[in-house]
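If you read the protein sequences in the order shown, they are chains R and F. Start counting the first sequence at 105; every next residue gets the next number (the numbering used here). Start counting the second sequence at 3; every next residue gets the next number (the numbering used here).
Simulated from the structure, these hints should not be mistaken for lab results. Backbone N, C-alpha and C fix where the C-beta goes; we use that ideal spot for every residue, glycine too. Some clues are possibly wrong.
What the hints assert, rightly or not - Listed next, the stretches of chain F that the computed footprint assigns to chain R, with coverage defined by at least 3 CB atoms under 8 Å from CB atoms of chain R:
id, stretch
1, 33-45
2, 62-73
Said to hold, decoys possible - Take a look, some chain R residues computed to stay more than 12 Å from chain F by CB distance:
id, residue
3, Y132
4, E222
5, V473
6, G514
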Amino acid sequence: MATKAKERFTAGLAPGARGEDVTALQDYLEHFGYLAAEDPEHDTFCGPSYPLGDGDDLAVLEDRPDADAGSFDDATAEALRHLQAYAGLRPTGEVDEPTAQLLNSKRCGNADQSELAEFSTSGRKWATNNLRYSLENTTPNITTGAVTMAMQQAFAMWSAHSPLRFTQVAASAGAEIRIRFATGAHAATGTNDPAFDGPGGVLAHAFYPSVPPAPVTAIMGDAHFDDAETWTVTVPPQAGHTDLVTVAAHEFGHSLGLGHSSVNGALMQAFYGGPQRTLHADDISGLQHLYGGVTLRHAAWIHGTGVQVEVDDNVESIRRYGFYTRIIGKPNTTNWYHFAIPTPVIVAGSRLNWHRALLRFVTGSTSTVVRDVHVYDGSSRIIAHQAVNLGGSNAMAVFGVPHKPPVYWGAGISIGVTTGAGTASERRIDLISGGVDFT
Amino acid sequence: MPRVRVRNDTGAPLTHVAIRVPGTPGPGLQLGPLESGTTSGWATVPVAYAIVGVEVDGDAGPATLQPFDLMDEPPIEHGELTYCLRREGARLSVELESDATTGDGASDDGMSDGWTTDGGTSGDAER
Numbered sequence: 105m106a107t108k109a110k111e112r113f114t115a116g117l118a119p120g121a122r123g124e125d126v127t128a129l130q131d132y133l134e135h136f137g138y139l140a141a142e143d144p145e146h147d148t149f150c151g152p153s154y155p156l157g158d159g160d161d162l163a164v165l166e167d168r169p170d171a172d173a174g175s176f177d178d179a180t181a182e183a184l185r186h187l188q189a190y191a192g193l194r195p196t197g198e199v200d201e202p203t204a205q206l207l208n209s210k211r212c213g214n215a216d217q218s219e220l221a222e223f224s225t226s227g228r229k230w231a232t233n234n235l236r237y238s239l240e241n242t243t244p245n246i247t248t249g250a251v252t253m254a255m256q257q258a259f260a261m262w263s264a265h266s267p268l269r270f271t272q273v274a275a276s277a278g279a280e281i282r283i284r285f286a287t288g289a290h291a292a293t294g295t296n297d298p299a300f301d302g303p304g305g306v307l308a309h310a311f312y313p314s315v316p317p318a319p320v321t322a323i324m325g326d327a328h329f330d331d332a333e334t335w336t337v338t339v340p341p342q343a344g345h346t347d348l349v350t351v352a353a354h355e356f357g358h359s360l361g362l363g364h365s366s367v368n369g370a371l372m373q374a375f376y377g378g379p380q381r382t383l384h385a386d387d388i389s390g391l392q393h394l395y396g397g398v399t400l401r402h403a404a405w406i407h408g409t410g411v412q413v414e415v416d417d418n419v420e421s422i423r424r425y426g427f428y429t430r431i432i433g434k435p436n437t438t439n440w441y442h443f444a445i446p447t448p449v450i451v452a453g454s455r456l457n458w459h460r461a462l463l464r465f466v467t468g469s470t471s472t473v474v475r476d477v478h479v480y481d482g483s484s485r486i487i488a489h490q491a492v493n494l495g496g497s498n499a500m501a502v503f504g505v506p507h508k509p510p511v512y513w514g515a516g517i518s519i520g521v522t523t524g525a526g527t528a529s530e531r532r533i534d535l536i537s538g539g540v541d542f543t
Numbered sequence: 003m004p005r006v007r008v009r010n011d012t013g014a015p016l017t018h019v020a021i022r023v024p025g026t027p028g029p030g031l032q033l034g035p036l037e038s039g040t041t042s043g044w045a046t047v048p049v050a051y052a053i054v055g056v057e058v059d060g061d062a063g064p065a066t067l068q069p070f071d072l073m074d075e076p077p078i079e080h081g082e083l084t085y086c087l088r089r090e091g092a093r094l095s096v097e098l099e100s101d102a103t104t105g106d107g108a109s110d111d112g113m114s115d116g117w118t119t120d121g122g123t124s125g126d127a128e129r
């Protein structure tokens, strides 16, 4: 007599669960591309990775969550939500009845790669990689200098992952991207520029570029910010204040031709969810779909053992392990660590240009974070990435230089690290290496 | 004019629910409180979009969703729209669940001066 095979997955499995059922779920999610493979075969970034965990490098590069085996952790729930959304189910992050049926059904064995890219583009893009922007006015809430830095940081997020260069010019120079703060109806004659709706409504808007080779009109690329909002560059913002860097970076995504994304965590999602000063893999995919990707060209690195500590009194312990440095900060302190990067200023007779700074590090908890990353040419700071607040395992964090200027004196990276109040293990940062890539 | 309402699928009661159609000046439209799984009454608005600004409060604390902008969002001038509120972890999300674009104006309560409600409460429990 034939018997029905036992269902492999049953409803009820939820975050917090542990055991073989969770492992089986993780295996399924890994097989179909929703979780990072535990021991992937790969041929890049494959060297000894300690203190990064095995596979961390590839997981970060591919932006797949990396789960603890046998534990229904946040990464497992996130991966399951992706699967559910892909299958048209409610993204509960738990194995409910419909999800169990899905998991138990026969299906194609290929990974659901399309899930990893939900960006949308307008079909429009700039015909040049050298874009100019101008600040037509500023907002009374913050200084002009802070607005300028906020715009630089927002552009740098996009320049880090593309061949695009963003150079600030005078308001009279006819820049491709003109930045303006305005309230209510603010359209220039003959333009279709919607009015703003006052505090608490939409935050800003921007205009797509043209479809090459159609001509560019003056308003294309422009970004307008509702000055009825209370803008800030302080993180975390006070209640009722809005992070200018995040909104500017989102609007510049539109200025470059990107539409809204449906991927949770993408900067190009339709809703502002507080400060987000790094791009999601989906944002990068959309950008590179339009403008092409970038590869390391003239990268120069220094191992973490070369780091200099600014404030010795804020360090509880420091130890150099071979090629990386482990620093345990005193509770509730901030410190600055400095990398001096050996710099190939001139290669084959040509002066190199800045592209981006690169960092590899791990913190012991999310309460210990790399808050700020400042990039120097000699003694001149050329870009400040403020309040990026990156914790955990960072196989290669990337920080762009928007205008990609020539390099003259040599590269330096200064990172501001805030340490929480946790255990020594939670207060540690492993500085593995710092680097810079040039074009 | 379109009619809009909100369904609470966050799994917990919400003591405060307000929505604001982006691009429309003025305060938000109060549609709460809403018990878990229930739906608010209808409110007539001059125009709606697939996205909406949301402000809620409840056991999990206050949360807001504010649209960056209205890029690629065409105005919806007729029909009945239900915005479904969910929580994914700590994050609030909103999804347009239905768009029964009747377009015949039969549901208009005749009040055209901005947003209006039909006095609905959290008792609809339509699913």
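Status of each hint after checking the structure:
no. : hint  : verdict
1   : 33-45 : violated (count 0)
2   : 62-73 : holds (count 7)
3   : Y132  : 21 Å, holds
4   : E222  : 14 Å, holds
5   : V473  : 18 Å, holds
6   : G514  : 39 Å, holds
In summary, the one numbered hint that this structure violates is 1.
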